[in-house]
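Undergrad: Mapping of the sequence shown onto the UniProt record's numbering: position 89 corresponds to residue 89, and the numbering continues sequentially without gaps.
Since the hints were derived computationally from the structure, they do not count as laboratory data.
Honestly, I wouldn't trust all of these hints.
[Claimed, not checked] Here are the computed lysine-lysine pairs in the DSSO-like style, where the Cα-Cα straight-line distance is at most 27 angstroms:
| # | residue 1 | residue 2 |
| --- | --- | --- |
| 1 | K19 | K45 |
| 2 | K45 | K60 |
| 3 | K45 | K98 |
| 4 | K67 | K127 |
| 5 | K98 | K19 |
| 6 | K60 | K127 |
| 7 | K133 | K96 |
| 8 | K96 | K127 |
| 9 | K33 | K108 |
| 10 | K67 | K108 |
| 11 | K127 | K99 |
| 12 | K60 | K96 |
| 13 | K108 | K96 |
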Amino acid sequence: MKIRDYLQGYPAALRQQVKILSEQGRLGDYLTKRYPARHTIQSDKALYAYTSALKQDYLKNAPGIDKVCYDNNLDTLKNALGLHTAVSRVQGGRLKAKKEIRIAALFKDAAPEFLNMIVVHELAHLKEHDHNKTFYQLCEHMLPGYHQIEFGVRIYLTWRDQQRRHEEK
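Please work from the sequences and hints to get the whole structure.
TA: And the structure:
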């Protein structure tokens, strides 16, 4: 099986290890052992409360969030696991901007670490728009071990892709 772009940018040795596990059909076992739990945040309301609590803990001075929701339309093939937007609307004679965070719905059934990583990533965009050193330092501050969990998410996406291919056969 060919490894998708989910692991692009990682060292060849790591990609090779994932490829071997994938070919042996052991990615699911690896993920279950490493991330055995599933979170209970299933509604948009619960997701908003979860995200707001993290924001309050780490980003008190960042702009407020008006909406947080799961989104069935985010395309993981284009690396959109979450999305942060500022929607501008005219209300009366004024322009009002609303900050929104959308999380790919596939994370409803994921490990709590994966949901946490995606939310932290999107919250970090409230302070830092670009994926630069400062951005990733902020992610690591809010979630120690951020990079390892991000790698886990990419393995999870690879495994889901593998599962989808088997179902299509």
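Undergrad: Against this structure, judge whether each hint is valid.
TA: Hints, one by one, checked against the model:
Restraint check for K19 and K45: not satisfied, since their Cα atoms lie roughly 38 angstroms apart, outside the 27 angstroms limit. Restraint check for K45 and K60: the C-alpha separation of about 20 angstroms stays at or below 27 angstroms, so the hint holds. Pair hint K45 plus K98 holds up; C-alpha atoms about 17 angstroms apart against a cutoff of 27 angstroms. At roughly 17 angstroms between alpha-carbon atoms, K67 and K127 fall within 27 angstroms of each other, so this suggested pair holds.
Pair hint K98 plus K19 does not hold up; C-alpha atoms about 42 angstroms apart against a cutoff of 27 angstroms. Using a Cα cut-off of 27 angstroms, the hinted pair K60 and K127 holds, with the two alpha carbons roughly 11 angstroms apart. Distance hint between K133 and K96 is unfulfilled; the C-alpha atoms sit about 31 angstroms from each other, more than 27 angstroms. Among the hinted pairs, K96 with K127 is consistent with the structure: their alpha-carbon atoms are about 19 angstroms apart, no more than 27 angstroms.
With a CA separation close to 19 angstroms, the supplied pair K33 and K108 stays within the 27 angstroms bound. Distance hint between K67 and K108 is fulfilled; the C-alpha atoms sit about 17 angstroms from each other, no more than 27 angstroms. The hinted pair formed by K127 and K99 meets the criterion: a straight-line CA distance of about 12 angstroms does not exceed 27 angstroms. As the CA atoms of K60 and K96 are separated by approximately 21 angstroms, the hinted pair is consistent with the 27 angstroms bound.
With a C-alpha separation of about 31 angstroms, the suggested pairing of K108 with K96 is violated against the 27 angstroms cut-off.
When the structure is compared with the earlier hints, violations turn up for hints 1, 5, 7, 13 and for no others.
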